[in-house]
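Protein chains: 2
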Amino acid sequence: MSQRIAVVGAGFIGRSWAMVFSKAGHQVTLYDIDPTALAEAMSLLEVNLADLESNGLIHSKDDLLGRIQPFETLEKAIEGANWVQENALENVDVKRELFNRMDKLLPEQTILASSTSAISCSDISKGMKGAGRMVVAHPANPPYLLPIVELSGAPETKIETISRAKDLLEAADMEVITLNKEIKGFVLNRLQVALLNEAFKLVEDGIVSGADLDKTIKHGLGLRWSIMGPMETIDLNAPGGIRDYLERFGPAFETIAKEQSSLRPWDSTRYKKMEEERRRVMSLNDLNKRARWRDRRLMALARHKEESDKHYGK
Amino acid sequence: MSQRIAVVGAGFIGRSWAMVFSKAGHQVTLYDIDPTALAEAMSLLEVNLADLESNGLIHSKDDLLGRIQPFETLEKAIEGANWVQENALENVDVKRELFNRMDKLLPEQTILASSTSAISCSDISKGMKGAGRMVVAHPANPPYLLPIVELSGAPETKIETISRAKDLLEAADMEVITLNKEIKGFVLNRLQVALLNEAFKLVEDGIVSGADLDKTIKHGLGLRWSIMGPMETIDLNAPGGIRDYLERFGPAFETIAKEQSSLRPWDSTRYKKMEEERRRVMSLNDLNKRARWRDRRLMALARHKEESDKHYGK
Numbered sequence: 001m002s003q004r005i006a007v008v009g010a011g012f013i014g015r016s017w018a019m020v021f022s023k024a025g026h027q028v029t030l031y032d033i034d035p036t037a038l039a040e041a042m043s044l045l046e047v048n049l050a051d052l053e054s055n056g057l058i059h060s061k062d063d064l065l066g067r068i069q070p071f072e073t074l075e076k077a078i079e080g081a082n083w084v085q086e087n088a089l090e091n092v093d094v095k096r097e098l099f100n101r102m103d104k105l106l107p108e109q110t111i112l113a114s115s116t117s118a119i120s121c122s123d124i125s126k127g128m129k130g131a132g133r134m135v136v137a138h139p140a141n142p143p144y145l146l147p148i149v150e151l152s153g154a155p156e157t158k159i160e161t162i163s164r165a166k167d168l169l170e171a172a173d174m175e176v177i178t179l180n181k182e183i184k185g186f187v188l189n190r191l192q193v194a195l196l197n198e199a200f201k202l203v204e205d206g207i208v209s210g211a212d213l214d215k216t217i218k219h220g221l222g223l224r225w226s227i228m229g230p231m232e233t234i235d236l237n238a239p240g241g242i243r244d245y246l247e248r249f250g251p252a253f254e255t256i257a258k259e260q261s262s263l264r265p266w267d268s269t270r271y272k273k274m275e276e277e278r279r280r281v282m283s284l285n286d287l288n289k290r291a292r293w294r295d296r297r298l299m300a301l302a303r304h305k306e307e308s309d310k311h312y313g314k
Numbered sequence: 315m316s317q318r319i320a321v322v323g324a325g326f327i328g329r330s331w332a333m334v335f336s337k338a339g340h341q342v343t344l345y346d347i348d349p350t351a352l353a354e355a356m357s358l359l360e361v362n363l364a365d366l367e368s369n370g371l372i373h374s375k376d377d378l379l380g381r382i383q384p385f386e387t388l389e390k391a392i393e394g395a396n397w398v399q400e401n402a403l404e405n406v407d408v409k410r411e412l413f414n415r416m417d418k419l420l421p422e423q424t425i426l427a428s429s430t431s432a433i434s435c436s437d438i439s440k441g442m443k444g445a446g447r448m449v450v451a452h453p454a455n456p457p458y459l460l461p462i463v464e465l466s467g468a469p470e471t472k473i474e475t476i477s478r479a480k481d482l483l484e485a486a487d488m489e490v491i492t493l494n495k496e497i498k499g500f501v502l503n504r505l506q507v508a509l510l511n512e513a514f515k516l517v518e519d520g521i522v523s524g525a526d527l528d529k530t531i532k533h534g535l536g537l538r539w540s541i542m543g544p545m546e547t548i549d550l551n552a553p554g555g556i557r558d559y560l561e562r563f564g565p566a567f568e569t570i571a572k573e574q575s576s577l578r579p580w581d582s583t584r585y586k587k588m589e590e591e592r593r594r595v596m597s598l599n600d601l602n603k604r605a606r607w608r609d610r611r612l613m614a615l616a617r618h619k620e621e622s623d624k625h626y627g628k
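Sequence lines, in order, name chains A and B.
If you count by our numbering, then the first sequence holds residues 1 to 314, one letter each, in order.
If you count by our numbering, then the second sequence holds residues 315 to 628, one letter each, in order.
Mixed in with the good hints there might be a few duds.
[To be verified] Simulated crosslink set (EDC-like; lysine to aspartate or glutamate; CA at most 16 angstroms straight-line):
1. B:515 to A:182
2. B:495 to B:470
3. A:314 to B:609
4. A:272 to B:561
5. B:443 to B:417
6. A:184 to A:123
7. B:572 to A:259
[What the hints assert, rightly or not] Covered stretches of chain A, as calculated for chain B (at least 3 residues, CB under 8 angstroms):
8. 180–194
9. 211–217
10. 307–314
Derived from the structure by calculation, the hints contain no laboratory data.
Every residue gets a Cβ at the ideal spot worked out from N, C-alpha and C, and that includes glycine.
Just need the whole structure built from these sequences, with the hints factored in.
Next up, the structure:
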């Protein structure tokens, strides 16, 4: 059923959400505090949607674009919305003020969702009258090409809010996970940090080059993990399943985990080293071109997964 | 140029190597200490190769099978080999004895490679006359569907051995990384352990279910990581590249890394919990069927990557 979705903040994440919700058939309103950014957003959307169309991921860019309407005031943009997806600055004061303002303007059944990747739901909704209808819906980057969304509520968030949010996002073809408690960084970035932390150590210690580190994932673990999660992966890697696997490899893995637990600073020395490693592989001037390559590859991969899901099962 | 490759140990990893080397046009000899396993291996190879053929990953199963010859004695199997790929039990004494025996039988230009995932090269080659031509060539599972190979030598391993090994494996369409120093677990499994360790904690702490944990990777990080490594991923996620990214997110990531550094036992409580989580998603009886599904999906993914590499660039 078509709903009215207000996307607040027309940067990259906001625009991605606008495409996701429009693709799902919803009426999308788009707002940005900066009118220039808002106007620019509409032409950037046209480019992205054309790309999606030519890659076979949507039928008609014009249909999708026709359902996205820009508004220069917040009040107009959110009026009548069933769902607000906020993508403002990653600043807790900015977000608190914005959500409190929207909370006063909107009827209580409207869900208020933040895309924040770093701020907890309760840090934003604490003391807000409508804290029960607020949720963090944290997407991956870029959200219009990666379906995952993490739903995380504050202790005050109503269970009903979470289940309605899940339903609406799943109906929009997103893959939703639910966090039962708040945790810093949510799940996706915590998993990323765990892997990066070890990756950086291996590079810093001269065990492998940054280029080889990347190859290990790209031509190894990443392939399995793009069709299965890490738990299913090991469940299928021993005759008796995950427990059998852990009984075989757990003692060795525990020794490795102990070695990995040593703390090392995330500081400018580390950042400089990682930059050197990457710049050996790719010039800074090529980043934009490579980001377009990434998006095309992610589109092709999305199409491939869609077809393979149908052909072989999910 | 066609070489003679001896695959020692005809279990799953050995058979996979036989397919890899045969696909590359080499003459492959296959040996197993157990004659029944050796006979069985030839019919299992036929099934796997038929699968590869019907999935468009090889032209002719009969060609490949025709280049694989079983031998019931080690001496016959390795005679005249340019390369030996060992896949015996993961037991250091077994491997030391086996390599010392082969070292005496083979001329010094033959490369001796072990597929071990848990034993270091120097633990096997220490004191062996031909330690200079020994290397670990650790593949991912399953090696005939995941191209990554980790090359790790002992301090005694000659640089020339590493470079010849790299050349031969790359010519066989494998993606090779080189470890500059020995390290427990090599690179791939250390990265896997780092991620699993955090994944298990999140599940143990009730933050997410095992099913949702897997979704986070499968529909999120795993998609990016199947086309780019983790370093390239973040290099493309900030306007100024990896350093810019780390300057923005590093402080928050360091806080998370500190939280993650707490030690937790890899014990039966953990294994039991993870088994419960997986068995909620999939019955133990369905593991074999699912493993076949995985292999078909990995084949389809390999084909997809091949086509996308051609069309969009690597």
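Which hint numbers doesn't this structure obey? none
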